[in-house]
Each structure stands twice: as C-alpha cells, then as structure tokens.
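Each chain, letter by letter, is given below.
Protein chains: 2
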Amino acid sequence: MQKKPQILERHLVAQSRLFRVESFDLRFSNGVERTYERLVPGGNGAVMVVALLDDEHVALIREYGGGIEDYTLTLPKGAIDLGESLRDACNRELQEEIGFGAHEFVYLKKLSLSPSYMSGGIDVVFARNLYPSQLEGDEPEPLELVPWKLAELHELYGRADCTEGRAIAALALAQEYLAGRFQGEVLEP
Amino acid sequence: MQKKPQILERHLVAQSRLFRVESFDLRFSNGVERTYERLVPGGNGAVMVVALLDDEHVALIREYGGGIEDYTLTLPKGAIDLGESLRDACNRELQEEIGFGAHEFVYLKKLSLSPSYMSGGIDVVFARNLYPSQLEGDEPEPLELVPWKLAELHELYGRADCTEGRAIAALALAQEYLAGRFQGEVLEP
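Going line by line, the protein sequences match chains A and B.
In terms of our numbering, the first sequence opens at residue 1 and continues consecutively.
In terms of our numbering, the second sequence opens at residue 1 and continues consecutively.
Only chain A is shown next, with the shape it has when bound in the complex (with noise of 0.2 Å):
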C-alpha cells in the first residue's frame, strides 16, 4: 500500500446554505505537491435503503431531482437526524417515503460519492419485513412508491429516469447479499 501524501495546508474556499468547499494543498511521497478542492457535507450522515416489498419485489419510488431537474426512478433515502441510529434513521425514512416500517435491517456498505471530490458517503442498507406505517416527511409532494421485480433490475437499469450511480449500486450490492456472496451485519433495535 502506498504511503498517504501529507496535508500541507487546508482552509474553506466557498460556503452555501447546503454545501462547503473545502481547499488543501498535498504533498505526494514522490515530492509532487498539488492543490486539491473537494466538498465536506455537513450533518450527520445519509442512508439509503433497499426494502423487500416480498420475496419478488423492492420498493423504488419516484421523486422530483433538484439536481437533474426531472423525475427520476430511485431508493428511498435521506439524511440521519442528529442522535438518531442507523437504524431508526432508515426506519423513519421508509414510514415517510414508502408507507412502511420494517422489521429487519442489514447494514451493507458504506458507499463514497466521488471519492476525488468529495468527503461524504451514504449508508446503503437492506430490509425486509414490512408492516404498513406512515410518518409526514419533508418531500414537497407526496412520492410514489413504484414496486419493482427484482428479476427485472437489468431493464430498470435501461430506463432513462433511472440514473442514480448510488441506487444502482446499492441494488446490486442487495442482489449479491441475496445471493449469498456479500456480507452484511444485522442492525439490532
């Protein structure tokens, strides 16, 4: 493994309500020194979560992206709330994005969004067990909940409003921990 280049230097360069840039200058192990910006999140992490409708189906659901302004095909996810678990956190997120709680949760991975530019990540989680249970969230307007069989995901990942590099992972993350060939570490209450 190669030795980590030295941090030289790092202060704020940009700030808005929702993101901060951060600037650093690096030295690398063979002397080449660079200046580096990336964002730093601010809150208390994400999650997002992929939950078993039934043996046969996952829960998508259908939201307005400010960043791509279009609707897209996606997994439920959202910020956690300070003092709150992993596990409430993805909770919460599916009684306000789905209509359901669960009973079993599996964490799965931590995912990076750019690791170049970015310092966040978002917890990627399983779930299943479901029972019927609504919390008002913030959305705007209600989401939709659009089942989809997870022996189709091949055609989800052709469709046009279904781009998210995230939920796509996470899925396929999902199918390997289905499958048997990915670890997962249950969430207990």
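No lab work stands behind these hints: they were computed from the structure.
Fair warning: there could be bad hints in the mix.
Claimed, not checked - Here are some chain A residues pointing at chain B (derived, C-beta under 8 Å):
| hint | residue |
| --- | --- |
| 1 | Gly66 |
| 2 | Lys110 |
| 3 | Gln183 |
As the list claims (entries may be wrong) - When the alpha-carbon atoms are kept at most 27 Å apart in a straight line, the in silico BS3-like pairs for lysine-lysine are as follows:
| hint | chain 1 | residue 1 | chain 2 | residue 2 |
| --- | --- | --- | --- | --- |
| 4 | B | Lys149 | A | Lys110 |
| 5 | B | Lys3 | B | Lys110 |
| 6 | A | Lys110 | A | Lys149 |
| 7 | B | Lys110 | A | Lys110 |
| 8 | A | Lys149 | B | Lys110 |
| 9 | B | Lys3 | A | Lys149 |
From a predicted model like this one, the values you see are computed outputs, not experimental measurements.
Glycine included, each C-beta is placed from N, C-alpha and C at the ideal position.
Given the coordinates of chain A, assemble chain B onto it according to the supplied hints.
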C-alpha cells in the same frame, strides 16, 4: 408522469476553482414552493471505463482520492477535453491511466451522482480488445493497475478500499451487458 415543478428564479450563490453552487426557487404542481441548491459542473462532461484486460479480468486502478483522503480501488475515469469525442476521451484516459488503448468501445449509460443536488453526470463506457500504449496524464503520481476477476466482483464490493458508488454501478451494468441483458451502443471511430 407528474408535471415538473416550475422554476421561478435561479442564481449563483457560491463558487470556487472547481465548484459552482446554484440556488433556485421552485413551485411544485400542488402549489408548494421550495428553494433548492445544486452543484453545477463546469467542463465538457466525464467518462468512466470498464475495460476488459482479457475474457476474465477487468482493469481497476488504485489512486489517491482527495475527497476521502485515502487510496481507493476504482475504474479509469476522467474529464472529456473540449472538442474531444466520447470514444477518444475513453481511449485517452485508458492510455494515461492503465497503459492500454482499446479497439472496441460500447456506450452503456449516463449515471448521475446525486439527482437531488448535482446536475452533472458521467458517461459509462465498456471497452475491450486492448493494446499496449502509454500516454502521459496529469496524475501527480503513477496509478497502479489492478486486474480483477469478473467472477469475483462480489469480493471487490466487500473491500473497504472499494467505495465508489458509480464504479460499482458501472461494473454491474457491464456484467448485465456481458450477460446479454443490457443494451449497449457501439461507439464508431
């Protein structure tokens, strides 16, 4: 399909060397108004390449990620130069990052990073029929080429140094393409 929200006003709220943050006011079809922020990328887009070294191995790189301040296993990728075709960008990045060019390129999909907060995307391209050829890139240190067995991608996903959502998504798309379940589009020279 739902009617898209109306965009009432937008303006630049923060800017650094690499990042631009835009704020915009939206009115949803149910009358609810919200202020959103999103990252707007500069440049001409970016490519990520799933390249087969032979029938069994895909080309990974180990590189330093400034965002996560650590080395990470991911796919060759980079920005498209002004006026450069998608195919030429992929072939240049492969030569700079793994020391191979390719004779065959197949377009798979444009992946979004975060549909909620970022307008940018990355074009995922599959490549094979490689030939040795090295080009000088702008990397601060040489990247390490790591061949990985296609049959053992689930072990890659389980590694702590493989975190990038888009890379895992791109590998899953390539697997579906190779299995004949996902349609690609050959990029002609």
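Is it true that the CA of B/Lys149 sits at most 27 Å from the CA of A/Lys110?
23 Å, holds
Mind checking the CB of A/Gln183 against every CB in chain B and telling me if the closest is under 8 Å?
With a closest approach of 6 Å, the A/Gln183 hint holds.
For a C-alpha distance cap of 27 Å, please report whether B/Lys110 and A/Lys110 respect it.
It holds: about 22 Å lies between the C-alpha atoms, which stays within 27 Å.
Cut-off 8 Å, beta-carbon criterion: hint that A/Gly66 touches chain B
With Cβ-Cβ at 4 Å, under 8 Å, it holds.
Against the 27 Å threshold, does the CA-CA distance of B/Lys3 and B/Lys110 hold or violate the hint?
OK: B/Lys3 and B/Lys110 at ~23 Å, within 27 Å.
Take the C-alpha atoms of A/Lys149 and B/Lys110, compute the straight-line distance between them, and say whether it is at most 27 Å.
Given pair A/Lys149, B/Lys110 holds - Cα atoms ~23 Å apart, limit 27 Å.
Holds or violated: A/Lys110 as interface residue toward chain B, Cβ cutoff 8 Å?
6 Å, holds
Between A/Lys110 and A/Lys149, is the straight-line Cα distance small enough, at 27 Å or below?
24 Å, holds
Sort out whether A/Lys149 lies within 27 Å of B/Lys3, counting only the CA atoms.
Status holds; Cα separation ~26 Å.
In summary, this structure violates none of the numbered hints.
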